Amino acid sequence: MGNDVALPMLFTTLCSWFNFFMAARTLSNTMEMMLTVVALNYWPLSGIIHLGDTKNWLRSYQISLIFASIACIIRPTNALIWIYLGSQLLISSGSKRFIVALNAAFVCSTVLFMNIFIDTTLYEYDWFQVFKNPIFTPYLFFKLNVVKGISLFYGVHQWHWYLSQGLPVILTSMMPFMLYGLCKIYAKPNIYNRMKSLLSMSLWIVFIYSLLPHKEFRFIYPIVPVLLMVVSYGLAQIQSSAWRKRAYIFLILTQFPVAFYLSLWHQRGVIDAMMWLRNESQQNRVKSIGVLMPCHSTPWESILHNPNIPKWFLTCEPPLSDNSIDEADEFYQNPIQFLRSHTNDRIWPTTHLVIFDNLLPRLYRDLQYYGYQECQRFFNSHFHDDSRRKGDVVILCRH
472 MGNDVALPML FTTLCSWFNF FMAARTLSNT MEMMLTVVAL NYWPLSGIIH
522 LGDTKNWLRS YQISLIFASI ACIIRPTNAL IWIYLGSQLL ISSGSKRFIV
572 ALNAAFVCST VLFMNIFIDT TLYEYDWFQV FKNPIFTPYL FFKLNVVKGI
622 SLFYGVHQWH WYLSQGLPVI LTSMMPFMLY GLCKIYAKPN IYNRMKSLLS
672 MSLWIVFIYS LLPHKEFRFI YPIVPVLLMV VSYGLAQIQS SAWRKRAYIF
722 LILTQFPVAF YLSLWHQRGV IDAMMWLRNE SQQNRVKSIG VLMPCHSTPW
772 ESILHNPNIP KWFLTCEPPL SDNSIDEADE FYQNPIQFLR SHTNDRIWPT
822 THLVIFDNLL PRLYRDLQYY GYQECQRFFN SHFHDDSRRK GDVVILCRH
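Quick note: to get the working numbering, add 471 to the position in the sequence shown (first position is 1).
These are computed hints drawn from the structure, not numbers from a lab.
A quick note: this is a predicted structure, and the numbers were derived from the prediction, not measured.
Even for Gly, the Cβ is constructed at its ideal location relative to N, Cα and C.
Among the hints, erroneous ones may be present.
[As the list claims (entries may be wrong)] Derived CB-CB ranges, DEER-like:
1) Pro832 to Glu687: 29 to 39 Å
2) Pro728 to Asn805: 38 to 48 Å
3) Phe731 to Gly565: 44 to 54 Å
4) Leu583 to Tyr719: 38 to 48 Å
5) Phe584 to His855: 36 to 46 Å
6) Arg496 to Phe727: 16 to 26 Å
7) Asn779 to Tyr596: 22 to 32 Å
8) Glu798 to Gln533: 26 to 36 Å
9) Tyr835 to His776: 25 to 35 Å
10) Leu529 to Glu788: 16 to 26 Å
11) Glu798 to Ser712: 57 to 67 Å
12) Trp630 to Ser734: 22 to 32 Å
13) Pro820 to Tyr719: 52 to 62 Å
14) Asp857 to Phe588: 34 to 44 Å
Please model the complete structure; the sequences and the hints are all you need to start from.
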């Protein structure tokens, strides 16, 4: 796309609220995105690397295959990117088709075997089990989430979700510049030839993911750098330096506040509550902890750092049958009945309960009966799309 796009690309990468929000989190999608970018950097994209230069092209291709294979191990759905680009490369490689296929088979099978060896050794505690009972994690991922459809348990969205919500939310104020960049790319055949593989791959990913019922913003994170390339090209194509400067200022004023708000204030109460409990436990004022919230609402040992204190939260394991219901849903269907039916187990010996403020009026009388009093409260969010998570985070103590 030219050197003129380099600085705008750096700017949009650093300015993007979604990058700011996602990159610091320990989600596998972040590592997947980074490995995908590195692999794409070495991949023989149409119009950029010519197959005639066999020596340099082959080395880059092999490096790309290594990073792409690792990305697929971390997130098996990343294979959708390489199935598309690999098919495209095979079709266009002509006499080099056999070399393309052979290298892909060798590198991918080597990385997959290493993955099977490592996972089997870690889970079975015996590397020799590779030959008896091998564990292939990507296959298990595919079997559970696609074949058995367990992902549906965590939400179903309409087919247009990525188009109507996913991409607009991820790009926000960058969306107009992406559309402008697309228009400029299509208007210049030489630029379009360089970008068509990445653009068509991005469309392919959005299309395939739109067919899946369960959707999340993070699923399309690997194609966000491609979208930012288009945004950057749109910025670079603004002829007037004054208007380009205004565009940069506009993006800073619209992206930075979102990034800082979502990272510093939105849903901070669940972290503050765990930090407070950690500090209290270090003073031996916490004997046990229970979380009466939708599962995984709060951090756990990553903040508490105290495996010696008994602690529990409402669980939401994938269903074993069509009629099964997880513990969190059972609790929210009838919180009072749930508490009263568990008076003799783990709940009532707990000295500190964590709960969202909006549920407190329904439970406070029962909790007060068992000796609980509000001892700390933390702001969590001004708004939330999940009604169960609205309000402050309240810690109830029982001494």
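Comparing the hints with the structure gives:
1. Distance hint for Pro832 and Glu687: a CB-CB separation of about 32 Å, consistent with the stated range 29 to 39 Å.
2. Checked against the hint of 38 to 48 Å, the C-beta distance between Pro728 and Asn805 comes to roughly 41 Å, which is consistent with it.
3. In this structure the supplied range 44 to 54 Å holds for Phe731 paired with Gly565, their Cβ-Cβ distance being about 51 Å.
4. Leu583 and Tyr719 have their C-beta atoms about 44 Å apart, which keeps the hinted 38 to 48 Å range intact.
5. A hinted range of 36 to 46 Å holds for the C-beta pair Phe584 and His855, which are about 45 Å apart.
6. Checked against the given bound of 16 to 26 Å, the beta carbons of Arg496 and Phe727, roughly 18 Å apart, stay inside it.
7. About 25 Å separates the C-beta atoms of Asn779 and Tyr596, a value consistent with the hinted range of 22 to 32 Å.
8. For the pair Glu798 and Gln533, the beta carbons lie near 48 Å from each other, so the given range of 26 to 36 Å is not met.
9. Remark: the range hint 25 to 35 Å for Tyr835 to His776 is upheld by a beta-carbon distance near 30 Å.
10. Between Leu529 and Glu788, the C-beta spacing of about 47 Å breaks the proposed range 16 to 26 Å.
11. At roughly 59 Å, the beta carbons of Glu798 and Ser712 sit within the given window of 57 to 67 Å.
12. Separated by about 31 Å at the C-beta atoms, Trp630 and Ser734 satisfy the suggested range of 22 to 32 Å.
13. In this structure the supplied range 52 to 62 Å holds for Pro820 paired with Tyr719, their Cβ-Cβ distance being about 58 Å.
14. Distance hint check: the CB atoms of Asp857 and Phe588 are about 41 Å apart, consistent with the given range 34 to 44 Å.
In the structure shown, a violation is registered for the earlier hints numbered 8, 10, in ascending order.
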